[in-house]
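Taken in order, these protein sequences are the chains called D and R.
The opening position of the first sequence corresponds to residue -10 in our numbering, with each subsequent residue numbered one higher.
The opening position of the second sequence corresponds to residue -10 in our numbering, with each subsequent residue numbered one higher.
Quick caveat, the hints were computed from the structure, so don't treat them as lab data.
Keep in mind that a hint or two might mislead.
It does not matter which identical chain is meant; a pair holds if it fits inside one copy or across any two.
Said to hold, decoys possible - The calculated DMTMM-like cross-link candidates involving lysine to aspartate or glutamate, where the alpha carbons are at most 20 Å apart (straight line), are: (1) Lys160 / Asp40; (2) Lys68 / Glu302; (3) Lys68 / Glu295; (4) Lys201 / Glu182; (5) Lys76 / Asp209; (6) Lys76 / Asp141; (7) Lys76 / Asp40; (8) Lys68 / Glu168; (9) Lys126 / Glu24; (10) Lys76 / Asp46; (11) Lys201 / Asp269; (12) Lys76 / Glu157; (13) Lys126 / Glu168; (14) Lys68 / Asp46; (15) Lys201 / Asp119; (16) Lys126 / Glu27; (17) Lys201 / Glu168; (18) Lys160 / Glu302.
Number of protein chains: 2
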Amino acid sequence: MTQFPQLDGFHGAPGLVRLIGHRGARGVMPENTIEGFEFTVRSGVVALEFDVVLTRDHIPVVTHNHHLLNAATRGTDGKWLQGEELKVSALPLSQLQSYDVGGLDGRTVYGQRFPDQVFMSNVRVPTLGDLLDMALKPQGAEMLFLLEMKSDPETAHIPEMTERLVSEVVKAVRVRGLEQRTVLHSFDWNLLEICGRIAPDMPRSFLTIMPKNADDPGEDSSKSVAPDFASMDVPVSQAVVEAGGHMWCPHYLDVTPEVVSQAHELGLLVTTWTVNEVDDLHRMVDAGVDGIVTDYPGRAQRVLLERGLVWNEGPDQMVAE
Amino acid sequence: MTQFPQLDGFHGAPGLVRLIGHRGARGVMPENTIEGFEFTVRSGVVALEFDVVLTRDHIPVVTHNHHLLNAATRGTDGKWLQGEELKVSALPLSQLQSYDVGGLDGRTVYGQRFPDQVFMSNVRVPTLGDLLDMALKPQGAEMLFLLEMKSDPETAHIPEMTERLVSEVVKAVRVRGLEQRTVLHSFDWNLLEICGRIAPDMPRSFLTIMPKNADDPGEDSSKSVAPDFASMDVPVSQAVVEAGGHMWCPHYLDVTPEVVSQAHELGLLVTTWTVNEVDDLHRMVDAGVDGIVTDYPGRAQRVLLERGLVWNEGPDQMVAE
């Protein structure tokens, strides 16, 4: 793994389980916002998982779905967006950033999933550049990026569209010299193949969710761009290795000690998502994963500490005795 | 109330219930730390309730108990303090600030009360000056202080000791010109009488908890410095008015709609503490309090918004529609 030093930061070890902030810290702060990323890094969780799509003017921005969630988006009048949800790829950056994404509408199913999330105003969808710039400041010196690229199911069959997304993302990383702090991450194995071709200087992470596990409410489905796992004749981890992957990111309901050790034998890192409940956090630690993606970094830290585990190396990492 | 403009920021109104961050945001961030106060203010909850005691060298510092909680304090070796808890008034500031107060020991009863609190390292007990300085920066322009002074039960009978605490606190506020953003707050009515004498330029808030409601684990008892409410022949709110109070801060289990409206008729503001559960938050809103002190600002914001209420005035306050 020494080819890619950033993978050290996702590597578990005896006494060490990595934590990765999901969209920052969605349980506490508005997701995929600079405000949330700053909170997470300041909490000592320096690896961030987040989502990138392109605007109409081909600017990579950090937001999860291809459409702005009405449940999380207010207009310039301060009111929740209504009706058909706006497609990010149809909006120029200037319009996208006129919306306020600092809070959740608690009357919606999505809003009710995160009842402790703070409610802020005048918060904007960040560009990928805004987020990457954090890593160039002293307080971001340890930051690592698990950078998910979202293939649009409507255009995933057009290679040029996917290549454009990858090339804009790779350009934003390279222009800042952050190739050794970034892992390229997707559900779309075609997209990851393109990454291997145009960005062999960065490792690749393969997201998976088995068909039996449903998507959570309020999330764009990724299944339409993912392979048909049910018809594979090898274990998924084997398929990830054959596709050139360095990391495997299974949904936590798909994780067992057996699949983790199988993946480890194949030389893969195993990072699981999105693990928010205390019992599930314990189960993932028991299964031997390298890293855990969570909306609740504080909760996950505390679970690790109670087991005598840490999430970072280094002199600042104080261990409960 | 125009005599004290800061009271406007604690005043409820139709559609408006004030939120006050308890020790910052103890449910999320280490209590009584600059890191926690910054989180709370950034979340849009600009009124902070916190606790002040004096070090051996008479420096007002922000920490709750007269003794450092072993469950929240690590030494320079990174290990939890053990044995008899250290008394803050016996430590010079330099020694006090050698300890790390960035996390909780989850094996303790106190630690288990806040299982989502993030675990940070190299976090120090702030001086009162450090906290007040935040209000002089642009991002602290709206901050308000509900500044609790903790009388030491061991020395509360010595007027000079109490006066020293008050005068050091008042000096720190005045030297920064923050008299109009501070409310002086205590369980100790003798201390509040001293405040009225030496700081008549600041309003006073009277904390109460009825004898039937036990102290929570890990908190210094304040009952020994508080009046004997059971033997009073007038309602507590009446006694607060007679003692010169501007605000009454009853424990939330002591709050009913009747006592709130009685206090309002007497011209008092009513701010209740420490309200963390959704049901209790609703009950306090129903009771008609002006403000709610909470360890979970995000949760409290969300409860208000679901009822069509807000916690701040001003153009940035977006109302769910």
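Hints versus structure:
no.: 1; hint: Lys160 / Asp40; in the structure: within (16 Å within a copy, 50 Å between copies)
no.: 2; hint: Lys68 / Glu302; in the structure: between (45 Å within a copy, 16 Å between copies)
no.: 3; hint: Lys68 / Glu295; in the structure: between (43 Å within a copy, 14 Å between copies)
no.: 4; hint: Lys201 / Glu182; in the structure: neither (26 Å within a copy, 67 Å between copies)
no.: 5; hint: Lys76 / Asp209; in the structure: within (12 Å within a copy, 54 Å between copies)
no.: 6; hint: Lys76 / Asp141; in the structure: within (10 Å within a copy, 60 Å between copies)
no.: 7; hint: Lys76 / Asp40; in the structure: within (15 Å within a copy, 48 Å between copies)
no.: 8; hint: Lys68 / Glu168; in the structure: neither (40 Å within a copy, 37 Å between copies)
no.: 9; hint: Lys126 / Glu24; in the structure: both (15 Å within a copy, 18 Å between copies)
no.: 10; hint: Lys76 / Asp46; in the structure: within (13 Å within a copy, 61 Å between copies)
no.: 11; hint: Lys201 / Asp269; in the structure: within (18 Å within a copy, 39 Å between copies)
no.: 12; hint: Lys76 / Glu157; in the structure: within (19 Å within a copy, 58 Å between copies)
no.: 13; hint: Lys126 / Glu168; in the structure: within (16 Å within a copy, 36 Å between copies)
no.: 14; hint: Lys68 / Asp46; in the structure: neither (26 Å within a copy, 53 Å between copies)
no.: 15; hint: Lys201 / Asp119; in the structure: neither (37 Å within a copy, 53 Å between copies)
no.: 16; hint: Lys126 / Glu27; in the structure: both (12 Å within a copy, 19 Å between copies)
no.: 17; hint: Lys201 / Glu168; in the structure: neither (35 Å within a copy, 61 Å between copies)
no.: 18; hint: Lys160 / Glu302; in the structure: neither (30 Å within a copy, 43 Å between copies)
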